[in-house]
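The listed protein sequences correspond, in order, to chains P and Z. Residue numbering for the first sequence follows this note's numbering, beginning at 2 and increasing consecutively. Residue numbering for the second sequence follows this note's numbering, beginning at 16 and increasing consecutively.
Do not take every clue at face value.
Some chain P residues well away from chain Z (every beta-carbon gap over 10 Å; in silico) [as the list claims (entries may be wrong)]:
(1) 4
(2) 8
(3) 10
(4) 23
(5) 28
(6) 34
(7) 73
(8) 82
(9) 124
(10) 127
(11) 137
Partial list, derived from the structure: chain Z residues whose beta carbon lies under 8 Å from chain P [unchecked claim]:
(12) 24
(13) 25
(14) 59
(15) 71
(16) 98
(17) 103
(18) 107
(19) 120
(20) 122
A partial selection of chain Z residues facing chain P, derived with a Cβ cut-off under 10 Å [unchecked claim]:
(21) 22
(22) 23
(23) 70
(24) 72
(25) 97
(26) 100
(27) 101
(28) 102
(29) 104
(30) 110
(31) 111
(32) 118
(33) 119
(34) 121
I should point out that these hints are in silico values taken from the structure, not numbers from a laboratory. Even for Gly, the Cβ is constructed at its ideal location relative to N, Cα and C.
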Amino acid sequence: MLPREDVVSELTRLIWSTMLGLDAVEGSESAEAAAFVTSVDISGSWEGTVSISFTRSLAQHVTSAMLASEPATATAAEENDVMGELANMIGGNVKGLFSGPCQLSLPRVEPAATDLLRAPPSGSRSWFECDGQAFSVTVSERAELGRDR
Amino acid sequence: MKILVVDDSKAMRMIVTRTLRQAGFGGHEIVEAVNGAEGLAAVSKGGFDLVLSDWNMPEMSGFEFLLALRVSGSLIPFGFVTSESTSAMRQQATDGGANFLIAKPFTPESFAEALKGVLAIAA
Numbered sequence: 002m003l004p005r006e007d008v009v010s011e012l013t014r015l016i017w018s019t020m021l022g023l024d025a026v027e028g029s030e031s032a033e034a035a036a037f038v039t040s041v042d043i044s045g046s047w048e049g050t051v052s053i054s055f056t057r058s059l060a061q062h063v064t065s066a067m068l069a070s071e072p073a074t075a076t077a078a079e080e081n082d083v084m085g086e087l088a089n090m091i092g093g094n095v096k097g098l099f100s101g102p103c104q105l106s107l108p109r110v111e112p113a114a115t116d117l118l119r120a121p122p123s124g125s126r127s128w129f130e131c132d133g134q135a136f137s138v139t140v141s142e143r144a145e146l147g148r149d150r
Numbered sequence: 016m017k018i019l020v021v022d023d024s025k026a027m028r029m030i031v032t033r034t035l036r037q038a039g040f041g042g043h044e045i046v047e048a049v050n051g052a053e054g055l056a057a058v059s060k061g062g063f064d065l066v067l068s069d070w071n072m073p074e075m076s077g078f079e080f081l082l083a084l085r086v087s088g089s090l091i092p093f094g095f096v097t098s099e100s101t102s103a104m105r106q107q108a109t110d111g112g113a114n115f116l117i118a119k120p121f122t123p124e125s126f127a128e129a130l131k132g133v134l135a136i137a138a
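Same shape as in the complex, but just chain P (with noise of 0.2 Å):
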């Protein structure tokens, strides 16, 4: 069963304000290209995935918001670990949300492949808007791996 998405949206909208200072209010899908997608992988009783899309100046902007650094100074190691630390919280939140025995995989960042941001066959996305950008929040469910548990 998917965790709520009403559940995934509040997560989000706290570790936004609380971790970044920044404000991740309902909003609509964008056809703007993602560039980055970072995800991670819960396995155990529940079997999925919990990934974030980020337009180029988002991860920019997180990153700086996070470092508390000037705007578009940092690394593309710095923007990953940013973004990679963001789908550890949320997904890490997710991961406690179901009662059996979960693990929670190390986060990874991708280019935004098309097939990284199909809408997934076992899943829900929430849109949001972060400082006029665009971002999506994917929770996908693996159903046939979860069924054989």
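With chain P's structure known, arrange chain Z on it following the hints.
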């Protein structure tokens, strides 16, 4: 006091250090390590008063790090700072010998509450 901050994320090590300061625990010496193995090597050299460690890290997890410390006889105060904070994990942390667990996302207030009694508030 000397505090070891262990996290594979450089950004998170920076934020933990900043939050310690915001919580009123500035003025302590901070040393960083990127995983449990590096943390264990640092603590073995002595001189630390507190460990703040992530749980999920490559090479050696925070929990493996904690167990290795306790097996070695170290009683150094140890707290997790982690995005995973189920009741089962909190129990596992306590059973392993951790003193507290701070859940991400955190605030200076959650640090102050967890560290109350562990560190003297810096003047």
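Results for each hint:
Every beta carbon of chain Z lies more than 10 Å from that of residue 4/P, the smallest distance being close to 14 Å; the non-interface claim holds. With a closest Cβ-Cβ approach of about 15 Å to chain Z, residue 8/P is found to remain outside the 10 Å limit, as its non-interface label requires. At roughly 15 Å from the closest C-beta of chain Z, the C-beta of residue 10/P stays outside 10 Å, upholding its exclusion from the interface. The Cβ of residue 23/P lies farther than 10 Å from every Cβ of chain Z, with a closest approach of about 12 Å, so its non-interface assignment holds.
The claim that residue 28/P is not at the interface with chain Z holds, since no C-beta of that chain comes within 10 Å of its own (minimum 20 Å). Chain Z leaves residue 34/P outside its interface by the beta-carbon criterion, the shortest separation being 25 Å against a cut-off of 10 Å. Residue 73/P, annotated as away from the interface, keeps every beta carbon of chain Z farther than 10 Å; the closest lies near 16 Å. Not every CB of chain Z lies more than 10 Å from the CB of residue 82/P, the least distance being 5 Å, so the non-interface label is violated.
At the 10 Å boundary, the C-beta of residue 124/P stays outside the reach of chain Z, the nearest C-beta of that chain being 20 Å off. The claim that residue 127/P lies off the interface holds: its Cβ sits roughly 18 Å from the closest Cβ of chain Z, which is beyond the 10 Å cut-off. Every beta carbon of chain Z lies more than 10 Å from that of residue 137/P, the smallest distance being close to 19 Å; the non-interface claim holds. Hint on residue 24/Z holds. Least Cβ distance to chain P is approximately 5 Å, under the 8 Å limit.
With its C-beta approaching chain P no nearer than about 6 Å, residue 25/Z sits inside the 8 Å limit, and its interface hint holds. Taking 8 Å as the C-beta contact cut-off toward chain P, the hint placing residue 59/Z at the interface is violated, the least distance being around 25 Å. Taking 8 Å as the C-beta contact cut-off toward chain P, the hint placing residue 71/Z at the interface holds, the least distance being around 6 Å. Taken as an interface hint, residue 98/Z checks out: its beta carbon lies about 3 Å from the nearest beta carbon of chain P, inside 8 Å.
Here the hint on residue 103/Z is kept, as its CB sits about 7 Å from the closest CB of chain P, short of 8 Å. Against a cut-off of 8 Å between C-beta atoms, the interface hint on residue 107/Z is violated, since the closest Cβ of chain P lies about 10 Å away. The closest approach between the C-beta of residue 120/Z and any C-beta of chain P is roughly 4 Å, which is under the 8 Å cut-off, so the hint is satisfied. With 8 Å as the threshold, the beta carbon of residue 122/Z comes within range of chain P, its nearest partner Cβ sitting at about 6 Å, so the hint holds.
Satisfaction of the interface hint for residue 22/Z is found here, the shortest Cβ-Cβ separation to chain P being roughly 9 Å, below the 10 Å cut-off. Checking residue 23/Z against chain P: minimum C-beta separation of about 8 Å stays under 10 Å; hint holds. Contact between residue 70/Z and chain P, as hinted, is supported at the beta carbon level, the nearest pair being about 9 Å apart and thus within 10 Å. At its closest, the beta carbon of residue 72/Z sits 8 Å from a beta carbon of chain P; the interface hint therefore holds under the 10 Å criterion.
Interface restraint check for residue 97/Z: the shortest CB-CB distance to chain P comes to about 7 Å, inside 10 Å, so the restraint holds. The interface hint given for residue 100/Z holds, since its Cβ lies 6 Å from the closest Cβ of chain P, which is under the 10 Å cut-off. With a cut of 10 Å, the hint placing residue 101/Z at the interface with chain P holds, because the nearest CB-to-CB distance is about 5 Å. Annotation: residue 102/Z was flagged as interfacial toward chain P, and the flag holds, the nearest CB pair being 9 Å apart, inside 10 Å.
Hint status for residue 104/Z: holds, given a least beta-carbon distance of 8 Å to chain P, under 10 Å. Below 10 Å, beta-carbon pairs count as interface contacts, and residue 110/Z has none with chain P, the closest being about 15 Å; its hint is therefore violated. Taking 10 Å as the C-beta cut-off, the interface hint given for residue 111/Z is violated, the closest approach to chain P being about 16 Å. Contact between residue 118/Z and chain P, as hinted, is supported at the beta carbon level, the nearest pair being about 8 Å apart and thus within 10 Å.
Given hint, residue 119/Z at the interface with chain P, holds; its Cβ is 5 Å from that chain's nearest Cβ, closer than 10 Å. Here the hint on residue 121/Z is kept, as its CB sits about 7 Å from the closest CB of chain P, short of 10 Å.
Of the numbered hints stated above, those contradicted by the structure are hints 8, 14, 18, 30 and 31, listed in ascending order.
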